[in-house]
Amino acid sequence: MNAFSRVVEGAKASAGKAALAFTLGITLSFAASPLAAQEDALKDLPGYVDFAELSGVYGEPKVMINLGGSILRFVGGMTKDDPESAALLQQLKGVRINVYSIEGQPEAALKSLKDTKSLLQDARWEPIVQVNDDGDQAQVFVKLNGETMEGLTVMAVDEEEAVFINIIGQMDPAQLSQVMDNFDVDIDGIDIN
Amino acid sequence: MTEKPDFDDWEEQINALLDGELDDAGAGRLKAAAGEDHQLSQAIIEAYQLQRALANIPTERAPDSLRRKLAAIPALEARRGARQQKPGGGWWQQSWQVPRWAAAMAAIPLVLVAVNQTTDWLGPKEPSAAEIAQAQQELAVALSYLGKVSRRTGLEIGDTVNHEMHKTVNENMMQAIHEELEFNKEREL
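Read top to bottom, the protein sequences are chains A and B.
Numbering of the first sequence is given in this note's numbering, commencing with residue 1 and proceeding in unit increments.
Numbering of the second sequence is given in this note's numbering, commencing with residue 1 and proceeding in unit increments.
In isolation and in its complexed conformation, chain A is listed as follows:
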C-alpha cells in the first residue's frame, strides 16, 4: 500500500473528526519553530551541510523536511517488523530536504549547487555521482570517516525543481538502499487506490 492509499484509508477511518478548511494555510506556521530548533541541533555534526537559502528567489520550498535524531529513533522503534529500517534509523542523526519549484529559472539553484559543491570539496567530502547535462545537474557527495559514512548529500537541479537532501549520521549504503525500497512512495505518480 503506498502513502496515498494509506492517506485515503486513514481518512476513511477518521472521517468526520475535523473540519480542515484552514489546514493547508497553517501547516507551515505550525512547523516553522520546531524546524529551526532541529536545524540548530544538527549544525555541529560532521555530516551536516549548510544549504543556501533560496526562498528569497523561489519562494518557500514546496517540500521542507527536517527530522532530528530523536524523532528518527522513535520512527525506527515503530518499524520493528522491518529490522533493516529500524537499525538504520537508530543510527541516523538527521534527515533534511528542501525542494524548490524553479519553473524554468534554474540559475540561482545552479549557483547554490556550485557553491555548495565547492564547500563540500573543501571539507573533504567525496564526490560519488556528478551529472552535468545541459540544465540538468546532479551531485552526490558522501562524508567518510574511516570505514563509516557520516553524511550523504544529494543536490539535483532540473528545469522544474531543485532538490537538496542531507542525511546525517552513520549509515550503510546497502541498508539505505533497502530502506528506500521499504519506504517507497512514488512521488511522480501517486496512486490513490
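These are computed hints drawn from the structure, not numbers from a lab.
All figures in this text were calculated on a predicted structure; none of them were measured in a lab.
Note that the Cβ used here is the ideal one computed from N, Cα and C, for glycine as well.
Do not rely on the hints blindly, as some may be mistaken.
[To be verified] Restricting the straight-line Cα-Cα distance to at most 25 Å, the calculated cross-link-like pairs of lysine-lysine (DSS-like) are:
| # | chain 1 | residue 1 | chain 2 | residue 2 |
| --- | --- | --- | --- | --- |
| 1 | A | Lys43 | A | Lys114 |
| 2 | A | Lys114 | B | Lys148 |
| 3 | A | Lys62 | B | Lys148 |
[Stated by the list, open to error] Which residues of chain B face chain A? A partial, calculated answer using Cβ under 10 Å:
| # | residue |
| --- | --- |
| 4 | Asp23 |
| 5 | Ala25 |
| 6 | His38 |
| 7 | Gln39 |
| 8 | Ala71 |
| 9 | Ala72 |
| 10 | Glu126 |
| 11 | Ala135 |
| 12 | Leu139 |
| 13 | Ala142 |
| 14 | Leu143 |
| 15 | Val149 |
| 16 | Ser150 |
| 17 | Arg152 |
[As the list claims (entries may be wrong)] Just the calculated beta-carbon pair ranges, DEER-fashion:
| # | chain 1 | residue 1 | chain 2 | residue 2 | range |
| --- | --- | --- | --- | --- | --- |
| 18 | A | Ala123 | B | Pro127 | 27 to 37 Å |
| 19 | B | Asp37 | A | Pro127 | 27 to 37 Å |
| 20 | B | Pro127 | A | Asp50 | 19 to 29 Å |
| 21 | B | Asp9 | A | Ser55 | 41 to 51 Å |
| 22 | A | Glu103 | B | Ala71 | 56 to 66 Å |
With chain A held as given, fit chain B onto it using these hints.
Below, chain B without anything else, positioned relative to chain A:
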C-alpha cells in the same frame, strides 16, 4: 469540455475526502488529478497528517490550585463590586456581572494545548503517536526524493556505460557509495 477545478475546489474535495464525505466519482477525479499534480497529492498528504495531528492533540486538566483560584474570581468580584457599588454607578462597578472568569476558564485548554505543543517539539518529552506518524510520512517523502534523484543519476550512469548496467537504478547510486566506502577502507589500511 469540463473545466479544470481551481485550488478552492480541490481544497473542498480534500476536506470532503478527509471527512469521509467524498463519493466514489469525486474520489476518482481527485485520484486522477493527484496522479498528475504533485502539489495536489502533497497537499492531500499534508492535510491528512494535520488532521491526524489535530485529532491527537491531548487536552489536560488545569492544576487544582489554578482551578480553585479561577472559580473564586466571581465571588471575589462580587464582594469587590458590593464594596464599590454606588446607586447609579458606572459599568466598571458591575464588572463581576460580566463573566470574565468564564472567558478565562475557556482560555485554559487553549493555553495548555499551546504549551503542550511547544514542549512536545522543543523539549525532551516523548513525541506523540501523531508526531511519529507524521515523521514517518515525512521520512517516506524524503527517501522518495532521494530515490527520484538516484533514478535520474542512475540512468545517467547507465547511459555512460552504454546500458551495460542492468541493476536497479537505486542500486547504481548506492553501489557507487559502497565502492567509495570500500576504497576508503583500503586507503585507511
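Each hint, compared with the structure:
no.	hint	in the structure
1	Lys43/A to Lys114/A	21 Å, holds
2	Lys114/A to Lys148/B	21 Å, holds
3	Lys62/A to Lys148/B	16 Å, holds
4	Asp23	13 Å, violated
5	Ala25	13 Å, violated
6	His38	6 Å, holds
7	Gln39	7 Å, holds
8	Ala71	31 Å, violated
9	Ala72	35 Å, violated
10	Glu126	8 Å, holds
11	Ala135	5 Å, holds
12	Leu139	6 Å, holds
13	Ala142	5 Å, holds
14	Leu143	5 Å, holds
15	Val149	4 Å, holds
16	Ser150	7 Å, holds
17	Arg152	6 Å, holds
18	Ala123/A to Pro127/B: 27 to 37 Å	32 Å, holds
19	Asp37/B to Pro127/A: 27 to 37 Å	34 Å, holds
20	Pro127/B to Asp50/A: 19 to 29 Å	26 Å, holds
21	Asp9/B to Ser55/A: 41 to 51 Å	28 Å, violated
22	Glu103/A to Ala71/B: 56 to 66 Å	58 Å, holds
When held up to the earlier numbered hints, the structure conflicts with 4, 5, 8, 9, 21 and fits the remainder.
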